[in-house]
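Visitor: Sequence:
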Amino acid sequence: MRVPRLVGRRAELEQVVGALSRGPATVLVEGEAGVGKSRLLQEALGAPAVRARGPLVAVCPPFEEALTLGPVVDAVRQSRTGPAGLELTALAGALRPLFPEWAQALPPAPEPLHDAGAARHRLFRALAELLDRLGTEILVVEDVHWADDATLGFLLFMAARRPRRISLVVTYRPEETAAGSPLLRLSARPAVGAGHVRICLAPLTVEGTAALVSSMLDDEHVSDAFARFLHRRTEGLPLAVEESVRLLRDRSDLVRARGEWVRRTLEDIQVPPTIRDAVLERFARLDPDVQEVLRAAAVLTEPADDRLVARVGGIPGPRATAALAAAVRGGVLAEDASGQLRFRHVLAARAVYDDIPAGRRRALHLAAGHALEDATPAPLARLAHHFRAGGDTARWCRYAERAGDLALASGDHRTAVAMVHGVLDAGALPAADVVRLCGKFPVFAFSGHRGRTDLVRTLRTLLDDTTLDTAERGLVRQQLGRMLLHVGQYDAGAAELERAVAELADRPLEAATAMSALSRLSGASCPVAVHRRWLERVTELARTVLPAEHRLTFLVERVTALLEMGDPAGWEAAREIPGAPTAARDVLDVTRAVLNIGDAAMRWGHHGEARRRLTAGRDAAEAHGHLRLRDMAATTLVHLDWHASAWDGLAERAAALAAIDEEPLIQLDTCLVTGLLAAARGAHDTAADSLARVADEARRRGILDMSLESAAGLARVRLAQDRLDEALALTEEGMRLVVRKGVWLAATEIAPARTEALVAAGRGAEAARLTAAFARGAHGSVAPATRASLATCRAVVAQVRQPPSRAAAAWADAARAWEALPRPYAVLLARAAQARCLAAAGRRDAATALTETARAGLRELGATYAVSRLAALTGHEASPSGPGGPVRGPRGYGDQLSPRELEAVRHMLNGLTNPEIARALYRSPKTIAAQLKSAMRKHGVTSRTALAVSALRAGITPAEPAGDARTGA
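Heads up: the sequence shown at position 951 corresponds to 1983 in the working numbering, and the numbers run straight through without jumps.
Hints were generated in silico from the structure; no laboratory data involved. All the pointers check out, no bait thrown in.
With beta-carbon atoms standing in for the labels, derived distance ranges:
no.	residue 1	residue 2	range
1	L1495	P1350	54 to 60 Å
2	E1604	G1874	47 to 53 Å
3	L1495	R1392	34 to 40 Å
4	D1386	D1164	37 to 43 Å
5	D1651	A1615	18 to 24 Å
6	E1530	G1346	54 to 60 Å
7	G1943	R1217	51 to 57 Å
8	P1350	D1386	27 to 33 Å
9	E1684	L1216	19 to 25 Å
10	E1267	P1348	40 to 46 Å
Even for Gly, the Cβ is constructed at its ideal location relative to N, Cα and C.
The whole structure should be built from the sequences, with the hints applied where relevant.
Guide: Take a look at the structure:
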């Protein structure tokens, strides 16, 4: 019985071959297990035009323990014994951790990078250069649903590379691809400048099933009844068809009659319900030696030579050779050109593996581990996998830690954390080893770890280990506390860190690290005075106890914390930070300082200073390979450009940064800017979705400034949507947080939004009290943004508590305050409000001129919502004009309120009923009702509350009291 031909896939094969023959392309082949993805690729790669382009084939194993870029590295290793003659650049020194056996022939290792993103990017560039030098034009990666994160990242890197040199081909099972997998980005977005083919393989038809069976039976005809029967039982899955036919042959259930293959008796033949059943029934009929080598191959999982399979299975040489030959002849195993043996399909391997008795399976894993210990280089992930499955904890932990070290050196923090988590979770390590492992990995690496909840539980369990001494327990607790802070569990994290400080009394550097984390302005419940006490403690410790080489790190932390608190002492302390690093170890701290101070300058309102520092920090981060810091600087510059109203291309820049993997803070900040832009342009539903997501996540993570800015933006959207109750709830929570923390710099965005919501709800007195509290809290503040925010709050309150002329003056003060930063959008909104107050005060000419200026500026920015509101309120867009100015006809008001309607609305803003307004204006209640209804239509609302909100946002002020309209006195 022959190996079946590829049938029913002609169109798909032509697509793949065509794409790979024409030039750089991305080819994605998806389908369920057993549908024939690998078989299709085997045929495509055999085509002369494709074979000539030197395809390199990598396969991702189904190991829980993955080695960084393991599939690609193994494929390169099998195709090349060393780098001699490749003329690699100095960049290739980064490949030393992956190819230790090539170390003597590779360039020297580059300086280590503390930035994981930079280290990973450098590694990707080095591996891409190696593939280029090898002449690889096609990289094939099979079973990508099992790929490690670094391999997925490398595929995305190669797809985005410019110029594109290498075609990518990947196979995967969509049902086993995680919802957030980077693979979805590769499959969803065609790369610019390259071909893109996506093939979804479906099961065979009845005709395809008949053709497949016929190809196995010397191309002789298969009866239609048999083909339909087999298709019905296997659903046309090629692997299930093949295994069923082989089993039927072994049972002698297939016979030839009248020149065609048929079933012996339709009613008597039983086709196993699953592929597993078919494989195991065939397996049970094999010779015992064949069974044993198949068990060994199933345990090894990856391709292996005959000697390794024989050694693991414990079968002597000649017997093993015969058994392996029988397995290949029977179509169970396949042998590639290099003599490596593997199961023809992973489902068959899995069926055999699962059927091995537990004791025998452990013994085979141990045999595999011992055999692989002799390999050079040591396959660390495979060794960890086999010794873990074999129950040898000591060897598993040793190799897992070495694999984690390699991943860490390569910038693959996720793999490193997964390795250390597994080791820690085993609970079988001495206390000293536990502490060493906990301290080895950067805390931010844990936040992206998929099992972080389990890891928290593991660390908590370790703290109960009675063999840990006080300092060791403090080190574990410090890592747990910092991890909890990083993932947003501030109260729990702070509690652990406070206990760690006490336990680390004899370890001042580690204690200072915990204190520094506690000094930062995170979480909702802790007032600024508590943060300041921790800051004073760590400052004193750094000054008097810590070695000089660590003091810069804590100085940067001090400056950052003071500026977050709104303390001007932060600017004085910042002068102590050197403008350029004086030693290599200072590069990261100095770069971080420049970026942190730049971010603070933006929030204080020193926009020129912010741009200078952020630009310099971005360039320094790029020059020194700190790519994560570079991207964070670029993100803060995007945020600064929102405030500076430099909106051209801003949405596109934000989207590009948001696409960076594994950077939740960058994604949140860019989502915030995207939401604010959408709100300014009137896309309120889109804005609300973005801003609500940022507000929720920033609040969960304890990011004070981001949570308040997003809440303020969302509240203004809700006001525009006439959802006053939601705006009130959002701003009440935000201002409560400001008051609890005692940091009035943080009120810059939320306080004006809260004041607007209160005034819209008719709670002007409460808005005035809030503004007074803001003034007291911000007394003496030198932050321009705080002063402008307070001026805005005062102007909003003046609209309902002062005559229109004084309200106009208040808005003029707010506009000048925003001009000092500058924030042009805020300036224009303030000028528009000033114009409306001038109009209410009877200064029509001044109001008209100022309105035209504001409208022109807003239109130039693209602030279409504000422009439309101005048009609706003034009737500007409805007024035809000519060279000599407006063409005037009979007096009409269009969408603008008439003077009588405006009077009715202004009295309504005082909370009067229709009869009370009628008495005040000497009109009938029926007339008042009609005028208010007309005003609602012009404002596009349907209720008195919504009309009040819209009118106040348009700058319409309440009428000045003239006696008591309620009583007529």
